[in-house]
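Note that the protein sequences, when read in sequence, are chains A and B.
Under our numbering, think of the first position of the first sequence as 1, with each following residue one higher.
Under our numbering, think of the first position of the second sequence as 1, with each following residue one higher.
In short, the hints are calculated from the structure, not lab data.
Remember, it's a predicted structure, so these values are computed and weren't measured experimentally.
Which bits of chain B does chain A cover? Going by a derived footprint, with three or more residues having C-beta under 8 Å, they are: (1) 128-140; (2) 252-260.
Listed next, the in silico EDC-like pairs over lysine to aspartate or glutamate satisfying Cα-Cα at most 16 Å (straight line): (3) B/Lys157 with B/Glu134; (4) B/Lys157 with A/Glu227; (5) B/Lys243 with A/Glu227.
Glycine included, C-beta positions come from ideal geometry on N, C-alpha and C.
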Amino acid sequence: MNRVLTCLFWLAIALVLTFITLPLAVVVAASLSPSSAVTFLPWEWTTVWYGDLLADRWLQPFLLSVKIATVVAGISGVLGVLAAYAVVYERIPGSTAIMAGLLSPLSVPQIVKGVAIVLFLSIIGLQGVLGTPALIAAHVVLALPFVTRMAATSLANFDGNLDRAAQSLGATKRQRLQHIVLPMIKPGVLSGVTFAFIISFNNIPLSVFLVRPGDTTLPIAVINYLEYSLDPVMAAVNVASMVFILAVIFLFEKVGGFSAQLHGGSK
Amino acid sequence: MSTIALTAPATMPGAPARSSGYLVLAPSCLVLTVFFALPMGTMIGMSFMDAQSLSPTLLNYQRFFSDGLSLAGLFRTAVMSILVAVCVTVLGYPVAYYLARSRSRWRALVFALALAPELAGVVLRTYGWLIILEDRGFINDMLINLGLIASPLPLSKNLFAVVVGLAHVVLPFGILSLTTSIQGIDPNLERAAQMLGASRLSVVRHIILPLSVPGIVSSLLIAFTMAASAYATPALLGGARFKVLATMIYEQVLFYIDWGFAAVMAIALLIMMLVISFLGIRYEARRSSRRSTREGGAS
Numbered sequence: 001m002n003r004v005l006t007c008l009f010w011l012a013i014a015l016v017l018t019f020i021t022l023p024l025a026v027v028v029a030a031s032l033s034p035s036s037a038v039t040f041l042p043w044e045w046t047t048v049w050y051g052d053l054l055a056d057r058w059l060q061p062f063l064l065s066v067k068i069a070t071v072v073a074g075i076s077g078v079l080g081v082l083a084a085y086a087v088v089y090e091r092i093p094g095s096t097a098i099m100a101g102l103l104s105p106l107s108v109p110q111i112v113k114g115v116a117i118v119l120f121l122s123i124i125g126l127q128g129v130l131g132t133p134a135l136i137a138a139h140v141v142l143a144l145p146f147v148t149r150m151a152a153t154s155l156a157n158f159d160g161n162l163d164r165a166a167q168s169l170g171a172t173k174r175q176r177l178q179h180i181v182l183p184m185i186k187p188g189v190l191s192g193v194t195f196a197f198i199i200s201f202n203n204i205p206l207s208v209f210l211v212r213p214g215d216t217t218l219p220i221a222v223i224n225y226l227e228y229s230l231d232p233v234m235a236a237v238n239v240a241s242m243v244f245i246l247a248v249i250f251l252f253e254k255v256g257g258f259s260a261q262l263h264g265g266s267k
Numbered sequence: 001m002s003t004i005a006l007t008a009p010a011t012m013p014g015a016p017a018r019s020s021g022y023l024v025l026a027p028s029c030l031v032l033t034v035f036f037a038l039p040m041g042t043m044i045g046m047s048f049m050d051a052q053s054l055s056p057t058l059l060n061y062q063r064f065f066s067d068g069l070s071l072a073g074l075f076r077t078a079v080m081s082i083l084v085a086v087c088v089t090v091l092g093y094p095v096a097y098y099l100a101r102s103r104s105r106w107r108a109l110v111f112a113l114a115l116a117p118e119l120a121g122v123v124l125r126t127y128g129w130l131i132i133l134e135d136r137g138f139i140n141d142m143l144i145n146l147g148l149i150a151s152p153l154p155l156s157k158n159l160f161a162v163v164v165g166l167a168h169v170v171l172p173f174g175i176l177s178l179t180t181s182i183q184g185i186d187p188n189l190e191r192a193a194q195m196l197g198a199s200r201l202s203v204v205r206h207i208i209l210p211l212s213v214p215g216i217v218s219s220l221l222i223a224f225t226m227a228a229s230a231y232a233t234p235a236l237l238g239g240a241r242f243k244v245l246a247t248m249i250y251e252q253v254l255f256y257i258d259w260g261f262a263a264v265m266a267i268a269l270l271i272m273m274l275v276i277s278f279l280g281i282r283y284e285a286r287r288s289s290r291r292s293t294r295e296g297g298a299s
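If we strip away everything but chain A, and leave its shape as in the complex, we get:
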């Protein structure tokens, strides 16, 4: 009885892991398939589809996505740190309510935020800013609460004694912020900024309302294309953008070393 149960348990885990990895494996296989009809486990391999990635059709959306994600990560990083500083470090009155307000966009589905922003811009006659400026604003609204929360958590968790020690030794506030507070919260902030970059780069539910035709971000270009064709170029585009995201995470992790934090370890 026990042995049957153990076997079932391992079988269940194997099946679930297969379920999780199958679509990814299929996409990678399809991107290397020589025929234009997508087949799984092709007998011949080719990298010809990856050559198409440098065509304007994919390169332009990719560059736009990178540009928007970079600006969004920068803006939400700065604003999030400032807000967390005010609420947690300065502890201004009403900080709990203010924090709840700062995090409130999290409880609204993205598609609802998207509709609200597009209606608002149209009502006040600013359809002209649809495209890059509107995308940046909307993605900042999306990313800012996450960055604020991560920065606030880092600020609340770091050892205040270090700061008080520096103060009693005569460090000015500016010196303390520069040499103690900022270095201490850097890993948390950098993981927030990385997260902001990724959710902006991959975003669909907000972008879908705000892109201008002919000037779209990469995920929107991909889903528009998928509406009428499944050919292997799509697989190559998808694999390339996943590799790009992994590279971004690797790069930020090298700079910030936040993986210790992601694994719940604290120093």
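Given the structure of chain A, go ahead and fit chain B onto it with the hints provided.
Just chain B now, with coordinates in the frame of chain A:
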């Protein structure tokens, strides 16, 4: 999901600089007011207005409840989200249990395999399912080649495809919340029961499952809210044949350009999400108050 314990170190220095505190807060407040609060207010206002004349009306709401299509969409969204929530929790449980209890060197690999897809983005994964489930896709291709079926099975553009795709998207979050909950159960309870002669099955049924109920509830809630608000997966795997609120809202805005009605649908989706989050918060509050009274009684 959106609460943070503001138990900052008891004495943070810097009391005199209150005004500078408000000053550095201003940019965030400005951005969130202009691009979140005002738009949400506008949207709620629009739902009570006629799209052409901008005169106040309740017709949008009346239409939502009477045209049949909208309530059907709401119903489909709820059914889809419930199915996803159940699938994610059932599929995630064994993996979460393994991750919470195993000490083997394979644990890291299972952890990476279970969570890595989250980095791939929704489009890539949905595209993978499209290739697998399409009429001329991987599964149908294989079944036809094996001679098991003559014409392709209807695997895509329906509820089944959307639930499969969304379960795949949400699964890592379910696994994470279940793992955290199971890790909180004292392993000695299982060992004690086994030593007293309980079979594996009764250990699972009488100890592990009851004690991990909070994790199961949070996994169900996370999965439901993520599924109900998803856009890309239902759009690609459900298409025009299986519409949910999210895809219907998109159509209203970009094809029919009926803003008032789009606003009503968005509000319906928002209310559904808020009700679910509220139930979650109330469950959590009840549980912690029950625990505190129990502990208070014991001491």
